[in-house]
Amino acid sequence: MTVTPVGPSRNLTARATAAVDAVKVGNWLSRTLGRGSGTVVGGRVGLAIDPTLLASLARGMRVALVTGTNGKTTATRLLVASLACDLVPLASNDTGANMPAGHVAALVASPRAVGAVLEVDESYLGQLIEATAPRVVILLNLSRDQLDRIAEVRMLVDRWRTALGHLGQASDRGEDGTVVVANADDPMVVWAAMAAPCVRWVGAGQVWHDDAVGCPACGGRIEFGSGGAWACDRCELARPERDAWLDDRQLVSADGVRQAVDLELPGRFNRANAAMVALAAPFMLDEDEPGSRPASGRYLDTVLSRMAHVDQVAGRFSSTTWKGWEVRLLLAKNPAGWTAIFDLLDEVGAHDAPVVLSINARTADGLDTSWLWDVPFERLVGRSVVATGDRRLDLAVRLRYAEVAHTVVSDPLAALDRAVEMHAGCDSPRVPSDPSAAPPTLARPRPIEFLGNYTAFADLRRRL
Amino acid sequence: MSPGDRNSALTIAIVFPDLLGTYGDGGNGIVLARRAAWRGMGVELVQAGSGRPLPSADIYCIGGGEDGPQVRAATSLNEDGTMARAVEQGAVVFGVCAGYQLLGRSFPDSTDRAHDGLGLLDITTRKGTGPRAVGELVATMAPDAPHQAGGAALPRLTGFENHGGVTSVGPSARALARVVRGVGNGGGDGTEGAWSGRVVGTYLHGPVLARNIALADLLLGWAVDPSDSPEPLPPLDDSEETALRTERLRAVERSDRGHVVSRLFRAGR
Ligand SMILES: [Zn+2]
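Chains A and B supply the protein sequences, listed in that same order. Note that our numbering has the first sequence beginning at 1, numbered continuously upward. Note that our numbering has the second sequence beginning at 465, numbered continuously upward.
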């Protein structure tokens, strides 16, 4: 499938041109002075000079926006992988700078881009829709995250709904209409997406129900049935009819076609991200008009095989070596994310590999650690756990009440040392191993798992 | 009666975790249940979901939540009536944040319309006019606050607050503590939380009992031994909780010193 690149129609105003120059200078300075990757500073300067800069840069581009509480960096990466051969060049804010300054920097960095895939912080969706008139908006999920910093879930869902309702006008432009690809299994997402004129519903699953029990429409109660179906006990809100859904390792279309979803990336939640992206990708190209049937068959095969080769996302899920042992780096920022990572640990089995947990509570993480009590740490019972990070004492108390045996080590690298000692058998874990477990095999030992929240993860990667 | 003599298990109910529990508040029930179990008591932790009759329990923990669910929870609890009857018979109630507000006479919704609370505490909450109170809070216990079994005063409260309400404490209730750092009740009298009989409320959300285990043991002691001078509970190894308390109290002191230095610096310019 090919696309006639229309090219960005960037007839920039003098002001916008000056702002673009400022972004370049700012990015260059920031990189030269070694004060960051140069993605945010320049963007901020540019927006200060020309507040409409994002809209000017995005004019004529095919834009996809990806948002949600969890998985947006991964889904963005997967969508880039799906489209990189068809939309050339393609811009993306792949460094995780997901607010407007980061979007500006990404677009300035690819001046000839015909398309852009932008990860968007949940609270900026409305602003981004207005500035970029996107072809596709992917809504992954919505759950609690850093409540001392970001508006609570319901305020956020109302803002999404308003922003998506405004898409009504955009669809009047015919072929430039926006398609929203939304997770049908998440009541919060559904309530917001229902306001949009054109939606593809994907049954991507939902690991976290606790934020969704109150009906966003009427305050009634959402009842979850078997197979992820759900409905409000008071009003009409219910899971919409799905265009496609994920069934373990297969993507099933409403017309019954099944396609394997085999990824290098581990875990069900990554297959869910891939399912959403697979439905979204065709709409970035010419062949699928917003009103047409969801793509199936050959092109879906192509997209799925392109995603299959993605093996890490900004270091997440990547492996590194520490003192001769493999360490897998995992990031989780909120209860839903941690739950998904625990699913992943269970999926790969093997309770013998030590797990290092690192928790910070800096500004980017949220200053309040109460969320630790919403994470089902009880699921780690039986594993060897090392607690580290700035807030290791909060974590240690949480683990104590989850009755998970653990050791506390203040420095994250020393915590990895400790895990290596445990793994090498120099020190047996405090909890006796499960007698019913399979005997140790001679196969390659499982990697040590490192799970950190946002700045804890970034810190460790910097130091490795 | 000592804990070992109890025939029936202690029942701890987390009230409406599906409506209230935005900030990990269910952790308070976990802390109480574990601390009872570690002392060899029979204990049952019940997740009492909304839409069903509230089970009878020895301790009710009520968490925080958003405006809509808070109104629903208060309405259901008033219609149900179980909690009010249980309190008359000596049950312990511990409410945090929105769960604290709804124990009072009235509380506001997002439009500042007043809703009836349970009336188990003589407190009244209105919407604050300033910014939300968000951050670490430290408070010393009020002199007439309940004392630990054995007579010692409770140590300082430490926790995290995140609320926009202003609560005034009426004559039939007592303030729980005096704010050293943070906002608390926010009515200008420098108080935090309130209590009356065996009903205790605080703005410290999340699992505040994990950082304040003496308060946790006070509530547990009340439930185990209904007499006016309960026996102290057997001690536990609380080294991890103590380390966390110490570290959090130091962090607040450190940041307070930072504020003073920056104020002096500004004043000097
Ligand atoms: Zn409803």
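A portion of the hints provided could be inaccurate.
Said to hold, decoys possible - In silico SDA-like pairs for lysine to any residue, Cα to Cα no more than 20 angstroms straight-line:
hint : chain 1 : residue 1 : chain 2 : residue 2
1    : B       : K591      : A       : M155
2    : B       : K591      : A       : E152
3    : B       : K591      : B       : R549
4    : A       : K323      : A       : R234
5    : A       : K24       : A       : T95
6    : B       : K591      : A       : S410
7    : A       : K323      : A       : G220
8    : A       : K323      : A       : T455
Said to hold, decoys possible - Residues from chain A shown here face chain B by an in silico Cβ test under 7 angstroms; the list is partial:
hint : residue
9    : R154
10   : D158
11   : S370
12   : W373
13   : E378
14   : G382
15   : Y401
Since the hints were made in silico from the structure, they are not lab data. The C-beta atom is built at its ideal place from N, Cα and C for all residues, glycine as well.
Hint-by-hint comparison with the structure:
A hinted pair counts as satisfied when its Cα atoms are at most 20 angstroms apart, and K591/B with M155/A qualifies at roughly 17 angstroms. Only pairs whose Cα atoms come within 20 angstroms are accepted, and K591/B paired with E152/A is accepted, the gap being roughly 17 angstroms. A C-alpha spacing of about 29 angstroms is found between K591/B and R549/B, which places the hinted pair above 20 angstroms, so the restraint is violated. Distance restraint check for K323/A and R234/A: the Cα-Cα separation of roughly 58 angstroms exceeds the 20 angstroms cut-off, and the hinted pair is therefore not satisfied.
With a C-alpha separation of about 17 angstroms, the suggested pair K24/A and T95/A falls inside the 20 angstroms cut-off, and the hint holds. At most 20 angstroms may separate the alpha-carbon atoms for a hinted pair to count; K591/B and S410/A exceed this at roughly 41 angstroms. The suggested pairing of K323/A with G220/A is violated, with an alpha-carbon distance near 54 angstroms, which exceeds 20 angstroms. Pair hint K323/A plus T455/A does not hold up; C-alpha atoms about 23 angstroms apart against a cutoff of 20 angstroms.
The criterion of a C-beta within 7 angstroms of any C-beta in chain B is met by R154/A, whose closest approach is roughly 6 angstroms, and the hint holds. Nearest Cβ of chain B to the Cβ of D158/A: about 11 angstroms, over the 7 angstroms cut. The hint is violated. The interface hint given for S370/A is met, as the beta carbon of that residue sits about 3 angstroms from the closest beta carbon of chain B, less than 7 angstroms. Taking 7 angstroms as the C-beta contact cut-off toward chain B, the hint placing W373/A at the interface holds, the least distance being around 3 angstroms.
The interface hint given for E378/A is broken, as the beta carbon of that residue sits about 9 angstroms from the closest beta carbon of chain B, more than 7 angstroms. The interface hint given for G382/A is violated, since its Cβ lies 18 angstroms from the closest Cβ of chain B, which is over the 7 angstroms cut-off. Hint on Y401/A holds. Least Cβ distance to chain B is approximately 5 angstroms, under the 7 angstroms limit.
Checked against the numbered hints listed earlier, the structure breaks hints 3, 4, 6, 7, 8, 10, 13, 14; every other hint is satisfied.
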